[in-house]
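Residue numbers (this note's numbering), protein chains in the order written: chain A, 14 to 124; chain B, 2 to 109.
Derived from the structure by calculation, the hints contain no laboratory data.
Treat the hints with care, since some could be wrong.
What the hints assert, rightly or not - Sample of chain A residues with no beta-carbon within 10 Å of chain B, all distances over it, derived: (1) Pro15; (2) Val32; (3) Val37; (4) Ser68; (5) Ser94; (6) Met102; (7) Arg120.
Stated by the list, open to error - Covered stretches of chain B (in silico footprint by chain A; criterion: 3 or more residues with CB under 8 Å from a CB of chain A, positions within the stretch not fixed): (8) 16 to 28; (9) 32 to 43; (10) 84 to 98.
Cβ coordinates follow ideal geometry from the N, Cα and C atoms, glycine included.
As a plain string of letters, each chain reads:
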Amino acid sequence: EPEVTQTPSHQVTQMGQEVILRCVPISNHLYFYWYRQILGQKVEFLVSFYNNEISEKSEIFDDQFSVERPDGSNFTLKIRSTKLEDSAMYFCASMMGETQYFGPGTRLLVL
Amino acid sequence: GIQVEQSPPDLILQEGANSTLRCNFSDSVNNLQWFHQNPWGQLINLFYIPSGTKQNGRLSATTVATERYSLLYISSSQTTDSGVYFCAVKAAGNKLTFGGGTRVLVKP
Chain A
14 EPEVTQTPSH
24 QVTQMGQEVI
34 LRCVPISNHL
44 YFYWYRQILG
54 QKVEFLVSFY
64 NNEISEKSEI
74 FDDQFSVERP
84 DGSNFTLKIR
94 STKLEDSAMY
104 FCASMMGETQ
114 YFGPGTRLLV
124 L
Chain B
2 GIQVEQSPPD
12 LILQEGANST
22 LRCNFSDSVN
32 NLQWFHQNPW
42 GQLINLFYIP
52 SGTKQNGRLS
62 ATTVATERYS
72 LLYISSSQTT
82 DSGVYFCAVK
92 AAGNKLTFGG
102 GTRVLVKP
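One chain only, chain B, in its complex shape (with noise of 0.2 Å):
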């Protein structure tokens, strides 16, 4: 099946600081999607962004899909960023395939 990494696993910042967030999947996809799971555990969704880019606020997210990989952008980083965030790809079917997540405490 296809895989999905992301990278960096960890990620500490200062408040303010901006970042950016990888994932690389391994196949053709035809569905991208980016969450983000607060401390309670909820996903929330970010981003549907199979290709191009988009932006909601400080975030943004940009999709190359032919080179198979999306970056989540955070700028202005604050504590409620805190969480971690993943990627999460379809390829056949309708199922999703998560990525590992990359962990993010932002500290005041």
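Isolated chain A (complex conformation) (with noise of 0.2 Å):
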């Protein structure tokens, strides 16, 4: 069956550096998302991709956030300057019909 797939299930690093998490979405799906939870709390939308666009973000998604569709595979997102509140576990989802199917996620944590 297919699945959403993440690339790094964990990644480390120091305030201010930039990271990109990676996604490859379900073939054929057209819609895109990105979610986070940080640790003991609910899942939030961050951003949601259609058509080569953003086509909604949350408060939560600001300046520091950004999201490319680089290929016809992957979808990135990347986090410019990142913040001690930025560690959160990180999910992709993609969307066919109406069903979201998330990928395991990338676990961040920021020092």
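Could you use the hints to bring the two separately framed chains together as a complex?
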């Protein structure tokens, strides 16, 4: 069964550094998403992407964040200058029809 | 925005017991999904159920959209059912709004 994949599974970075989280959505899916989950809290929406542009973003998704679909398969989330509070699990999801399918997540720790 | 409340927040079960988890939402929705977050943090799709009833093995779910709630039933629970169960809904736009989750611990 096709699935969403994410790399890396874990990343540790220093405050102020840039990180790029990578996702390969399910082939033929048209909508792509990033969500995050701070430890022990609920999953929060960050951004949705359709037809090569952002279709919706949350208040969390400020100028420090950007998304890109550099080729036909990858979907990336970049955090330009990480802060301690960016430490979280980041999930990529893709959707075709009405069901969103989530990747296994990247656990980001900012020191 | 839409509010999603799940209850109970925590549930401890003896292996073999049955349980019901509830999800209330504050507005009309056109999508509702249940997820199981396993101990490794992965979100596993359980059901896409904007209305009606579905069953998958020992799990079943019912959504009464007109009354703005959904129920997830776990029957004959097993230790592998432990984890956090999330309800997520889609109202306007395409984003999912998650509830706070129900943390389930099944004891052998």
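Cross-check of the supplied hints:
1. Pro15: holds (13 Å)
2. Val32: holds (18 Å)
3. Val37: holds (16 Å)
4. Ser68: Nearest chain B Cβ is 7 Å from Ser68(A), so the label is violated.
5. Ser94: Its Cβ never comes within 10 Å of chain B, the nearest being 25 Å, so this holds.
6. Met102: Not fine: 6 Å to the nearest Cβ puts Met102(A) too close to chain B.
7. Arg120: It is violated; Arg120(A) is separated from chain B by about 7 Å at its closest Cβ, not greater than 10 Å.
8. 16 to 28: It is violated, with 0 qualifying residues against the three required.
9. 32 to 43: holds (count 6)
10. 84 to 98: Per the Cβ count (8), the hint holds.
In this structure, the hints that do not hold are numbers 4, 6, 7, 8, in rising order.
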